[in-house]
Amino acid sequence: MNAPIDETDRRLVRATQAGLPLVERPYHQVADELGIAPEEVMRRLARLLEEGVIRRIGVVPNHYAIGYTANGMSVWDVADERVDRLGERVGALDFVTHCYHRPRRLPEWRYNLFAMVHGASRAEVLDKVARIAGLLGDDCAAHDVLFSTAILKKTGLRIGE
Amino acid sequence: MREPAPIDPVDRTIIDGLQGGFPICERPWAVVAERLAIGEGELIARVRRLLETRVLTRFGPMFQVERIGGAFVLAALRVPEADWDRVLAVVNGFPEVAHNYRREGGLGSDFNMWFVLATESGEAIAPLIARIERATALEVFAFPKLREYFIEMKLPVRS
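Chains V and C are the protein sequences, given in the same order.
Going left to right, the first sequence walks through residues 1 to 161 as my numbering numbers them.
Going left to right, the second sequence walks through residues 162 to 320 as my numbering numbers them.
Take these hints with a grain of salt, some might be off.
To be verified - Facing chain V, a subset of chain C residues (Cβ under 7 Å, in silico): (1) Thr174; (2) Ile176; (3) Arg219.
Keep in mind the hints are simulated off the structure, nothing from the lab.
Glycine included, each C-beta is placed from N, C-alpha and C at the ideal position.
Please model the complete structure; the sequences and the hints are all you need to start from.
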């Protein structure tokens with residue numbers, strides 16, 4: 001699963017993981033910082049994007065600031081042999097922002113499919129969760145929604161220097 | 162949470178139009194500005210202000226650390242209410258804890274602290290979990306992703 005990346009790629013990751021500079025020629029500024037050609041910065045970023053090391057380049061909104069004050073982690077107990085087929089369908093719903101197959105931890109935790117749902121209110125989130133329940137139908141043995149009640153820590157992702 | 166800053170229709174267009182697809186070229190802002198029909202300088206200034214006012218949490222490439230050998234694992238604790246403050250301080254004290262949320266479930270779920278562990282290698286996760294278990298005297302339940310399903314990572318502005 002790992003993409004082959006070299007030391008220059010790693011330097012590029014470290015230089016850009018906190019964000020791109022807010023200037024007219026951001027890639028040129030990164031190139032200056034790294035002491036390499038701007039064309040090389042752009043070529044490497046394009047390759048990392050194509051390989052999926054970079055998911056996307058853009059802005060990340062604060063969910064609360066753009067009207068999504070409720071977020072629910074919906075969790076589903078579905079048959080393991082059907083989880084991929086079902087997960088693809090849940091992930092395709094336009095209001096699901098993350099969707100993962102994760103391990104059960106029996107007996108304490110029976111759920112193996114996780115789908116994040118954002119909304120302007122808990123009622124809206126629950127309404128969307130009901131749509132997922134309708135989509136899964138009899139394939140789902142049980143589900144729950146865990147609402148976040150406080151952000152306790154949020155720091156960016158960092159790889160070391 | 163701090164009260165978020167108000168945004169106007171131009172901000173909204175920028176946020177909706179810039180969640181992905183920032184071009185890789187010499188003058189990427191000029192390309193986006195033309196697409197959104199605003200000036201390049203105004204676009205940069207607005208994104209700067211939206212970052213400063215925390216309407217945006219970041220701007221740049223989103224890396225999938227697993228693809229470069231790193232690990233990113235969701236984990237949960239069942240924290241007794243009386244012990245909450247102590248456990249919170251211990252967990253947040255680990256620099257590898259990137260995000261931490263308090264969550265409430267229905268159906269008697271007592272998993273109430275959910276956090277993400279970020280390390281530079283997959284091998285670092287197990288010893289880290291053992292350290293958190295020793296420090297909190299609680300069992301850490303790890304939920305590594307077995308598979309990620311494709312999603313359109315985009316939330317349209319609602320307010």
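Now the hints, each set against the structure:
Nearest Cβ of chain V to the Cβ of threonine 174/C: about 12 Å, over the 7 Å cut. The hint is violated. Given the 7 Å rule on beta carbons, the hint for isoleucine 176/C holds: about 5 Å separates it from the nearest Cβ of chain V. At a threshold of 7 Å, the smallest CB-CB gap from arginine 219/C to chain V is about 5 Å, leaving the interface hint in force.
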